[in-house]
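From just these sequences and the hints, can you work out the full model?
So the sequences go chain by chain: A and B.
Just so it is clear: in the first sequence, position 14 is 14 by the working numbering, and no numbers are missing.
Just so it is clear: in the second sequence, position 215 is 215 by the working numbering, and no numbers are missing.
In case anyone wonders, no lab produced these hints; they're calculated from the structure.
These numbers were taken from a predicted model, which means no experiment stands behind them.
Do not rely on the hints blindly, as some may be mistaken.
Listed below are the simulated EDC-like cross-link pairs for lysine to aspartate or glutamate, each with C-alpha atoms no more than 20 Å apart in a straight line [to be verified]:
#1 A:Lys51 to B:Asp129
#2 A:Lys173 to B:Glu10
#3 B:Lys3 to A:Asp177
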Amino acid sequence: METSRRNASASAGAGTSAIRVALLNVLLAFVGIMFLIPFLWIFSTSLRLPKNSFSLPPSILPTTFDFNNYAEVFRQIPFFLFFLNSLKIAVAATLGNIIFSSMAAYAFARIRFPGRNVLFLILLSGLMISNQVTSIPQFIMFAKIHMIDNSWTLAILWLVNPLGIFLIRQFMKSIPDSYEEAAFMDGANRWWIFRRIIVPMSVPAISVSSVMWFIANWNDFFRPLLFINSWNKMTLPLGMTVLTGTFGTGNISAVLAGVTLSLVPGLLIYIFGQKYLLEGLTIGGVKQ
Amino acid sequence: MRKRQREALEGYAFVLPAYLLFIVIILGPLIGTVLLSFAKFSLLSPAKWVGFANFAHFFTDARMGVIYGNTLRFVLILVPLHLVVGLLLALWVSNLKSNRGKYLYRTIFFFPVLVTTASVAIAWSYMFDTSFGLINWALGLFHISRVPWLNSPFWVYVAVAMFSLWKFVGNSFIYYLIGLQAIPHDLYEAAMLDGASPRQRLFRITIPMLSPTIFFVMVNLIIGATQIFDEPYFITAGGPGDASRTVGLYIYETAFQFHNLSYGSTISLSLFLVILCITLLQFSLQKRWVFYGNE
Chain A
1 METSRRNASA SAGAGTSAIR VALLNVLLAF VGIMFLIPFL WIFSTSLRLP
51 KNSFSLPPSI LPTTFDFNNY AEVFRQIPFF LFFLNSLKIA VAATLGNIIF
101 SSMAAYAFAR IRFPGRNVLF LILLSGLMIS NQVTSIPQFI MFAKIHMIDN
151 SWTLAILWLV NPLGIFLIRQ FMKSIPDSYE EAAFMDGANR WWIFRRIIVP
201 MSVPAISVSS VMWFIANWND FFRPLLFINS WNKMTLPLGM TVLTGTFGTG
251 NISAVLAGVT LSLVPGLLIY IFGQKYLLEG LTIGGVKQ
Chain B
1 MRKRQREALE GYAFVLPAYL LFIVIILGPL IGTVLLSFAK FSLLSPAKWV
51 GFANFAHFFT DARMGVIYGN TLRFVLILVP LHLVVGLLLA LWVSNLKSNR
101 GKYLYRTIFF FPVLVTTASV AIAWSYMFDT SFGLINWALG LFHISRVPWL
151 NSPFWVYVAV AMFSLWKFVG NSFIYYLIGL QAIPHDLYEA AMLDGASPRQ
201 RLFRITIPML SPTIFFVMVN LIIGATQIFD EPYFITAGGP GDASRTVGLY
251 IYETAFQFHN LSYGSTISLS LFLVILCITL LQFSLQKRWV FYGNE
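Structure representation (C-alpha cells):
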C-alpha cells in the first residue's frame, strides 16, 4: 500500500520532470555552444582574406580558406623558436617539480623530524605570496647575477610548487606503513624506498600536480614579460603580443592565425594529460 | 636513539632542495619587498633608506584608492560568479546520464583553461570591438544596440567578467566535478527513501559534502582575483582612463615601466598584506560552514 502510493506520486512527477530534464539539456547545449563559438570564430577568421577580416557579418564557420595568413605568421615571428623556448622552460620546471616536490612531500608525509609541521606550514603560506609580490626583488637578484633575459631564470623561478608538495603529501600519507617496513627489513635504504616504492605508488598525485604546473607555466605571461627582452628568447605568450604589435589592426586574420596555432599545444596537453588530470584529482587531495 | 637521529637527518635531506629553492625564490624576495619599501632604490644607484616616505606616498597617491577600488570590484564580481557558475555547470554535467555527454561537456568547459591566456585574450579584445566585433554583431541580430564594451567604465567590467568566465570557469568546474564524484551514493539513496526533494538533497547533502571543495576553490579564486593582471593588461589596458586599472597592473607599470622599484615594492607589500588578511579571515570563518566528514 505504502509503496504503491509512492510509486504513483513518482510517476505523476515523471512527466513534468522529463520536460524539465529536456529543457535543462537544451540550455546546457546552448551554453556549450557559446563556449565553442569564440574558437570557431578565431579559426574561421584566420582563414579570411586580410582585407575582409573585420567585415560583417563575421563568420562562425569558415567561408573562405586563405592559408596565407598562416604563412604570414611564420614570416613575421619565429613561431617554432618561441614554441621551443616555452617548451624548454615548462619541461625543465615540471621535471624539477616532480623531483623536488615529491622528495619534500615524502619527508613531510612519512619521515619524522623536529620542526616538520612548522616547516610545512611556512611552505604552505607560500601559496599566498603572489608573483607580483616577489617579482621586484627577484628581478633585482637576477639582474645582479646577470641572468635577466635568460630562459633558465624563468625555469628556476618555477621550481618550487607549494601546492604540488601539499597534494603529493596528502596522497603519500595514505600509503600503508607496511610497504616501507618490509623494505627496511630487507635492508633497503631511504632513497631506494623513495625511488622504488613511494614514487611509483604516488604516480596519480605526482602526475596531476605536474600537469597543472605545466599548464600554469605554459600560460604564464607576467614573468616572461619582466624577465625576457630579446627576440630569440621569447616564449609563445610573449611572442603573441609581438605578433599583435606587428599587425596592429591591419591584419587581424594573421593575428588570429597565430592564435589558432598557439591553441594546438593546449589541445595536445588535454589529449595526453586528461587521464592523469581527472584520475589524479579524484584522490581527494583537494579535500584537506 | 641513533635510529631517530638518522631518520631526522634523512628528513632534512629530503626537504632541503625544495626548501632552499623556496627560501631563495619566494621567502627571500618577500623579505626583499619589505626592505625595498623602506628604501629608495634603482638598479643603477645604491639603496638609500628613506623610512616611511614610500608609505606616505602610498597613502597620498590619489590613484591608489581608485585602483584598490577597481581590484575590490573585480574580486566582488569574479569570485561569486566563478563559484556559482562553476558549481552549476558541474552539477549539470555530473547529472547527465550518458558518459559520452559528460566527456564532451567536460572537454568544452575545461579546454579554455588550457589555452594560452595571451592568445585568447587578444582574440576576445577583437570580439569586443564596438563597430566590427562579433559580440555586438550577434546582439544586433536581436536588435540590441551596440555596447561600448571597452570604452565605458561600466561595460568594461562586464567584458572582463565574460572573458574571465569563459577562460577560467573550467578550473572551478573541474574541482567541483571531482568533489561531486567523491560523495557516497548511499547518502542520496537514503535521502530518496526518506522522500527528500531535489532541492533538499542539494542543500542538505551535496553542498555540505562539497563544502571543503567549495572552500578550496574560494580561497584560490580570491587569491587569484586580488592579483588580477592578464585580463586588464590584454583586454582593457586598465582603461578607459583608470577605470579598470588593478593593483597588479599598477605594480607592473610603477616598477617596470616607470622604473620605480621601491614604490612598486610598497604597493606589492600592501597587496600581500591584503591577501594575507583575507586568507586568514577565510580560514578562521571556515569552521562555521565547512564540513570535514570524519574530523
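Next on the checklist: Tell me the numbers of any earlier hints that the structure contravenes, in ascending order.
Outcome noted: none
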